[in-house]
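Engineer: For reference, the chains in residue letters:
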Amino acid sequence: MKALRWGATALLILAALAAIGAHYVAPAGYEHQFRESPGVSPSAQHPLGTDDLGRDRFARLIYGLRVSLILAPLAAALTTLMAALIGGIAGYCGGWVEGCALVIMDLFLSIPWLFLLITVRAMLPLNISPESSVFITFLLLGVLGWAASARIICAGTRDLLKSEFVWLARASGFSGFKLLRLHLLPNLRGTLLAQFWISIPVFIIAEANLGAMGLGVAEPLPSLGSLLRELQNVVTLRPEPWRFMPLLVLIMVVSCFQTLLNKNEVRT
Amino acid sequence: MAALLQTRLTISYKDKTVLREVCLEINEGEVLGLVGHSGCGKSSLALAVLGLLGMKDGKVTGSIRWKGEELLTLKESAWLKLRGKEIAFVPQSPLSSLNPALRIETQLAEAWKLHQSGGKQECQKAILAALENVSLPAEKEFLRRYPSEISVGQAQRVLIAMAILHRPSLLIADEPTSALDAITQSEILDLFSHLNRKLGMSILYISHDLPSVASICDRIAIVNDGEIVECAPPQQIFFAPTHAFTRRLVAALPSMPQMPEKRRGASA
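One line per chain: the protein sequences are A and B, in this order.
Take this note's numbering: the last position of the first sequence gets the number 447, and nothing is skipped along the way.
Take this note's numbering: the last position of the second sequence gets the number 1048, and nothing is skipped along the way.
Worth double-checking, as some hints may not be accurate.
With a Cα cut of at most 27 angstroms, we get these calculated DSSO-like pairs of lysine-lysine [said to hold, decoys possible]:
#	chain 1	residue 1	chain 2	residue 2
1	B	K855	B	K900
2	A	K341	B	K839
3	B	K794	A	K357
4	B	K865	A	K357
5	B	K855	A	K357
6	A	K341	B	K836
To be clear, the hints were calculated from the coordinates, so they are not data collected in a lab.
One chain only, chain B, in its complex shape (with noise of 0.2 angstroms):
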């Protein structure tokens, strides 16, 4: 397996150092998951890799590399073309992530002429292609209708539909569970892990979540007080953590951590 990305990074807002030399590196067809506490930097890391966090008065020093090209030297033209195509996004807040005034379908469409050149038939073959991958109704009706009038966990999927419209390499989720209900986030979670499986891509699974985590991840990096304090499988993080952090993570969690496991042995 060759490494996709790769990270030694420090990221900073103004005086304030978020993360320190966080080294991180992601496998083809791998599911990295990322854990810490809520402001922790996690996010701050999501959007260097999509070099955006400049927008956001952060600056990030160090290096990141994809496919063995340097990302942090990359001039903004191109950016532009890795962003959405190569590396896609999955924010948090399923709603407000999505354009109020367009329709789902013209949200598709036009993120799909971003990156690709071709005919009305070629786009509506690719966001029905997509539309069937994340199990959403493939129908005009459906599509026609504005992001007020579904529901969220539709509107989850709606915007991973749209992340893997381009068939990205990398999959970057940020908390994208956070804001939904048990049974939907499960349900989510497991088009997560069916995506990895059936589209063979990596993903990049922030949460502070440990066992949603567990359940679809092949490897969980914890983070600590701005550096990565444990990198290791579930089974290692849930049975030898070697970290206070870990432990203390793992011995806060409300049910045993078996069930997880036990799910993962299942689908390998």
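With the rest of the complex left out, here is chain A (with noise of 0.2 angstroms):
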């Protein structure tokens, strides 16, 4: 297992730093079009080919990768912001506020999350700027993400209540935001980062379905999503496997971040 993990570092480091330098790494760049030659086969000059537009493939796979390592992260902070404050407030005020807000997280929970993402993608304008649909899909994956984070955090708080120190703390004269700051979120510590870590690959995956839809990250700029989308034209692809690419970095990606959860769910 240690292996394993080591592996799955190590992948994940390499990921990363291809996505970070992807200006060095693929200095052809996403968008760029070759246009004495679309379509062709890897090459030394484009190691998996060029697509229909031209472009080559290894950088979209480059700069797609680095999009979603990116902004699942950020979605996944966002997220777990989200959940830290209304679970934090729901568990600490008790009572009815607490039923309320677990009335609104069992209601986002039991939403059909995929089916509203794709209302609400849907209804924005098609032709939004690259960079603002970035911003919205992982909006989007942040603000309906928090629901299940902050049932846990809810919970923690509602304990972290009843332990001693806390009692302590209130016979010393702590309350409202300085027990909350002090005594509860640093102990919520752990459960926050494990949702942090939790809600990354599962963000990665969602970006992915909604790229696969076309509903994702907008043209030409490349997500792993969106780079699925060649997937779709099944006749191609038997002569083609090198198309495969983009859903083996996906997978390999997230099963990186499994692995590493395995063990982080054991210690936090």
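Put the complex together from the two separate chains, hints included.
Structural biologist: And the structure:
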């Protein structure tokens, strides 16, 4: 298991480095069109060939990886923050505040969220700029993903409130925000971190699902999801197996995250 | 001697009455022992005097007068100024009463900042003075430890140091030695009587252990069946008990009660 974790860490670091240094790894860029050679097979110049518009597939894969690897953690951070705030306040206040919050969480968890994502994304204009499409996609993911984490935080806060050190803190005159900041949050840090790490692969997959339906990041900016769209043309796949590369990379990145999480969850 | 605290209170949980018309009076500089079975409502009394019983769904009726002022009608904001500053609390289980996520220093500093305004130096001075009073090493190395890195006896001393940071008029100690071994127990008892003599602090000492209470208290109140059945100096409790329950309590002692009597005589 240890070797597996090392391998996963190494692969993730490699992927992160490639994504950070995309400019150097893939100097072709994600939108430059090699008009004289569209749809060519892999070669020294284009390791994964070019797509129908003559764009270098390898470059698009690296840049797509970058988009996913930067934005999934950001969306996870947003989710975790919302979960901490809503779950923390609900658990702290208890009573009807907690009741209302739990009902809202249940509601969020019962939403067929993929359908909702499609609906919301479809309501937005199709010709928005690639940058804002990235922003909107992950904002949506972040805003919709908080409920499950918030429930855990809420339960954690409630348990902490019953603990003896919180009673002593109250007996010492602590209350409200100070109690939350000093005695509750530091003890929820482990739970929050776990929620953050768990959310990252979930969001990478969610973005990929959206992207495969053409509702994620807008062209010409690539993401792991939008690169999967090419796979919809099943007929052309058999003679060109290198087109599977984005799918392989996606599975690799997510499974690396999951491998590392196995250990993290035990620890936190 | 003026009465610091006067109570005449009834405590109930839902439909069960735990204490009925309990009249207690603690004078300035006095150590009052409160002895009774486990679960007889002693700790509820402590929580009531701290105004925290409502959070455990308990109900207090009657009157609690602090320096002549009625506490039961006090607003929460006024309670916050009283808790920790005027009336401090030392809990039963030392290790679980310290916040596991914060260093000793942080916990002491935050408890100080809660009721005092002043610079870092003043805070440091107050902490060092409090540590000296409970005979703990006033070293940086010790202060930087986490609660999991100190012994139970040290943790109890840290809690006492935290309680006396603001030189409260009354210290409520709820079975402060029940989690400690015999030697540490007697050290902590000595510490309490030392604090009482040196700082003139009144102490409400709650315990089920009659001999340890007798060694430091001026008067002992015996609780049985929701009422105070007897309240007298230790000599009278041991040698001329008037109530049947007190007689049973004294008769159940494993060792001869003369020993605490002698120690009391030596320190008076």
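Engineer: Each hint: holds or not?
Structural biologist: Hint by hint, here is what the structure shows:
no. : hint            : verdict
1   : B/K855 x B/K900 : 31 angstroms, violated
2   : A/K341 x B/K839 : 18 angstroms, holds
3   : B/K794 x A/K357 : 30 angstroms, violated
4   : B/K865 x A/K357 : 16 angstroms, holds
5   : B/K855 x A/K357 : 19 angstroms, holds
6   : A/K341 x B/K836 : 9 angstroms, holds
Hint violations for this structure: numbers 1, 3, all remaining hints satisfied.
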